[in-house]
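Given chain A, put chain B in place with the hints provided.
Spelled out from the first residue to the last, the chains are:
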Amino acid sequence: MNQFLPRPAIAPAAVWAFPAPRRGRLSNGIELMTFELPGQHVISAHLVLALPLNAERADIEGVATICARTLDEGTRRHNGEEFAELLETEGAGFGVDLSLSGFQLVLDVPASHLDRALELFAEAVTEPSLADRDVNRHVQLRLAEIEQAQANSAHAASIAFRAAVFDERKRASRMNGGEPDTVRDVTQEAVAAFHHDHFGPVGATLVLAGDFVDDPIAAAERSLGSWRNDEQRQVMIEEPTAGPRRTLLIDRPGAVQADIRFGGFGIDRLDPRWAAISVASYAMGGAFLSRLNAVLREEKGYTYGVRMNFGPLRTGGSFAVQGSFRTEVVGDALATTRELITVDDVPFTGQEVTDAVAFFTGVSPLRYATADGVADQAATQILAGLPDDYVDRSLALLRSVTPEAATEAYRSLVDPDDLTLVIVGDAERLADPLRASGFADLEVRPPSSDQTQP
Amino acid sequence: MWGMTSGALSGLGYPILQHSLDNGLRVISSPDHIAPSVAINIWYDVGSRDEEQGRTGFAHLFEHVMFQGSAHVASGQHIALMQAAGAVVNATTWFDRTNYFETLPTGGLDLALWLEADRMATLLDALTQENLDNQREVVKEEKRQRYDNVPYGDVMELLTSLTFPTDHPYGHTTIGSMEDLDAATLDDVHNFFRRHYLPNNAVLSIVGDVEPEDAFERAGVYFGQLSPGPKPSKPDASPLAELSDLPRAEASGNVPADAVYFTWRLPARGSRDFDALDLAFSILGHGQTSRLHKQLVRGTEHAEGSGASTMGLIGGNSFGFSYARARDGVSPEDLEQEMVEVIDQLLTDGATEEELRRAKAQFERQWLHELARVDSRADALGEYATLHGDPHLINSRIAEITAIGNDEVQDVLHRWFRPDQRATLIYRQEA
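Chains as they are written, first to last, in the numbering used here: chain A, 1 to 454; chain B, 1001 to 1431.
The hints are simulated quantities; they were obtained by calculation from the structure and are not laboratory data. Just so it is clear, the structure is predicted and the values come from calculations on it, not from any experiment. A portion of the hints provided could be inaccurate.
Derived, one-sided and incomplete: chain B residues facing chain A with beta-carbon distance under 8 Å [said to hold, decoys possible]:
#1 G1076
#2 A1084
#3 V1088
#4 T1092
#5 T1103
#6 L1104
#7 D1110
#8 E1137
#9 V1150
#10 Y1222
#11 V1255
#12 K1294
#13 R1357
#14 R1418
Sample of chain B residues with no beta-carbon within 10 Å of chain A, all distances over it, derived [stated by the list, open to error]:
#15 Q1018
#16 D1245
#17 E1341
#18 T1424
The beta-carbon is built from N, C-alpha and C at its ideal position, and this holds for glycine as well.
Next comes chain A alone, as it looks inside the complex (with noise of 0.2 Å):
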């Protein structure tokens, strides 16, 4: 046997910052955010556009994805397979992000092709082919893309969810690429229509992060900053609400488990909360040892994990307990999770708090070490509305939480009895057990029709 040393302890952390931007603004009044970041060799540049997804015109939702989707197609200049070749050829990496908030343009490369690799990512960017035939063949892949999602029983899950959880008025209640019934309709005057009123420079910033080898603003200048759209239409980001409680049973005859949502409506960023429901649902669904995954994973061997999550928007969000559980177990799981979720009794302690301050204080260097954990951060907190130092700021007010302060906020925002319940599963199996387990309400759905079709 051998002779064990004691557990060591933990040496306090050293002091580390979110890396500070150099702010400045290219000539037709693109902000520019630059990131020094020595070591990181692969340049990560994100182009934001504060351009909301509720800007799509409500007959054609999908529009802007199709749109995003089509711009490395070709452009004005370099025809389809010409462009992504000479793309390729400079090692870039061309990829589109959209959100709610507005889109998120990234090019990767390494330092010492940022230079030509920009002036083809903002050729891709302000003129773009947009052709009929790459519209319409986006849009069919954009359809087949919906039945990927529907016949994936936790894709299934977190799109019904969504459904049920917003307002189903609010754009934030559908996909953000579309649901079938309005890509199909998406054509290719609309997809132009959409760049030609939306797309410019107003409201866009660009954000470039890594090792330059060559002055990077000077490049940034080069590609963008000739970029004039005098049509461009401004549109103001709508506001989330809560849809009624429901109780859902989405069909999967035959499957072997059940995908779970149970949540409701959240907050954002700059709720006064934020910090302390980040704490509370760390404690509840966070961590390996959290309230639900210690009793559901490592008690009773029911999923291979379950966890809580608060998703938060530009302004309010959603929140979840989800997991995937055996067909068998899935009454007694949810029964279980009703209990675990209601801290009445067992509020959060103070040794749940400091762990959860740990860890979000411990991963973050590691988080934003990379150019593109420092880009896509900053151009999260553009789209979300923060301050540069957001991370620098949240980690403080993290470290001012108190368990009293986890529980309250916690209390505040999950009823355990007012939650909407999605479940995708075998009906059949499931039905009977869910209603005896006090879902009184439920609603049962067939299997979705785009699962099914040949």
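Showing chain B alone in chain A's frame:
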């Protein structure tokens, strides 16, 4: 050709220092002071290829039981203590490895090393029937969640069994058979641990805000007292002949589209032939300018998605595959025929110089990206030290790939990628 910061001409310059403890544990240090964090990563040289017939799924089961406590750590506390030190913690199992890692503020390095050492030395003190039973259930849930309840979730298993004989080390996937797991006794599990979880069968990488002397000293403090054991023998790694007779399989399930898959046996990783084939597979199926995407997705629009990739393995052979998912109204047979034409064309005409340049440029970005984070750099160091005996290879990979000529790509295609060397899987939508 490339700028100053890229690796193609000069080679990358990540500092890499190595030290072996008396008990055979190899320790690698790569200091990086960009953030006050450190990544530690232990590669155990045991994967699903080391499992015996009737004992599949064991390597992966350990990825679970290793978190169930050891002599001085209660069940679940490994992750709990690490998370409370601000760590990201996880583990993975693959054909050729099981690895365990934590990345955290430097002040928790001692605790992380102590926890890893405690379970390497004393896991069996805590591995009870109850722990085993519970984690078996969790693994079954994992299988249901990640394989059984997901469209195409069994494809990997189908492809490996098409490509390798059932009794070959790569003939089964890491999740293994649930019957084997059910049959496993506590003794079986203890024996597996004793055979493979040894300091002389592991590589410990420490990357981040710690100097090499310091890293080596701490590794010595926590791991130095562990006893080595007989180095486990590795499974037979003689290369198999290429596939022949065009093996085929059919499957069906509740999937949103018909799909066609091809697989090939390739040479083991760590050879120039494998690297050349990797570039060829990239040209065939990686990205928007790949042959398959241009022809099937953009061109005829018969596929909603396509791709091709190699999966590098160390034991005699690697594995390569390509796939396409049919658009509505396109039969898998027609799609298969079209894929065959694209593939045969690559063989007959070879790659263009432009295509090869693009494949290399994409490799460079992905590799630089991989090394940009201390945690994935630690993983890469463990990988190259364990499988190839040389962690310094991470600094020369870009130069090695860049040096491959088009004639070499053409040559390996003719040896490994002929029309009669593939296997085919047709995956249909259930009627």
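Hint check results:
1. Here the hint on G1076(B) is kept, as its CB sits about 5 Å from the closest CB of chain A, short of 8 Å.
2. Against a cut-off of 8 Å between C-beta atoms, the interface hint on A1084(B) holds, since the closest Cβ of chain A lies about 4 Å away.
3. For V1088(B), the shortest C-beta to C-beta distance to chain A is roughly 6 Å, which falls under 8 Å, so the interface hint holds.
4. With its C-beta approaching chain A no nearer than about 14 Å, T1092(B) sits outside the 8 Å limit, and its interface hint is violated.
5. Because the beta carbon of T1103(B) sits about 5 Å from the nearest beta carbon in chain A, less than 8 Å, this interface hint is met.
6. Taking 8 Å as the C-beta cut-off, the interface hint given for L1104(B) holds, the closest approach to chain A being about 6 Å.
7. The criterion of a C-beta within 8 Å of any C-beta in chain A is met by D1110(B), whose closest approach is roughly 4 Å, and the hint holds.
8. Annotation: E1137(B) was flagged as interfacial toward chain A, and the flag holds, the nearest CB pair being 3 Å apart, inside 8 Å.
9. Annotation: interface hint on V1150(B) holds; nearest CB of chain A at approximately 6 Å, less than 8 Å.
10. Given hint, Y1222(B) at the interface with chain A, holds; its Cβ is 7 Å from that chain's nearest Cβ, closer than 8 Å.
11. Checking V1255(B) against chain A by beta carbon gives a least distance of about 6 Å; that is within 8 Å, so the hint holds.
12. The criterion of a C-beta within 8 Å of any C-beta in chain A is met by K1294(B), whose closest approach is roughly 6 Å, and the hint holds.
13. Hint status for R1357(B): holds, given a least beta-carbon distance of 6 Å to chain A, under 8 Å.
14. For R1418(B), the shortest C-beta to C-beta distance to chain A is roughly 27 Å, which exceeds 8 Å, and the interface hint is violated.
15. Distance check for Q1018(B) against chain A: the nearest CB is about 21 Å away, which clears 10 Å, and the non-interface claim stands.
16. No Cβ of chain A approaches the Cβ of D1245(B) within 10 Å, the least distance being about 33 Å, so the stated non-interface status holds.
17. The beta carbon of E1341(B) sits about 18 Å from the closest Cβ of chain A, which is more than 10 Å, so the claim that it is off the interface holds.
18. Distance check for T1424(B) against chain A: the nearest CB is about 22 Å away, which clears 10 Å, and the non-interface claim stands.
Hint compliance for this structure: hints 4, 14 are not met, and every other hint is.
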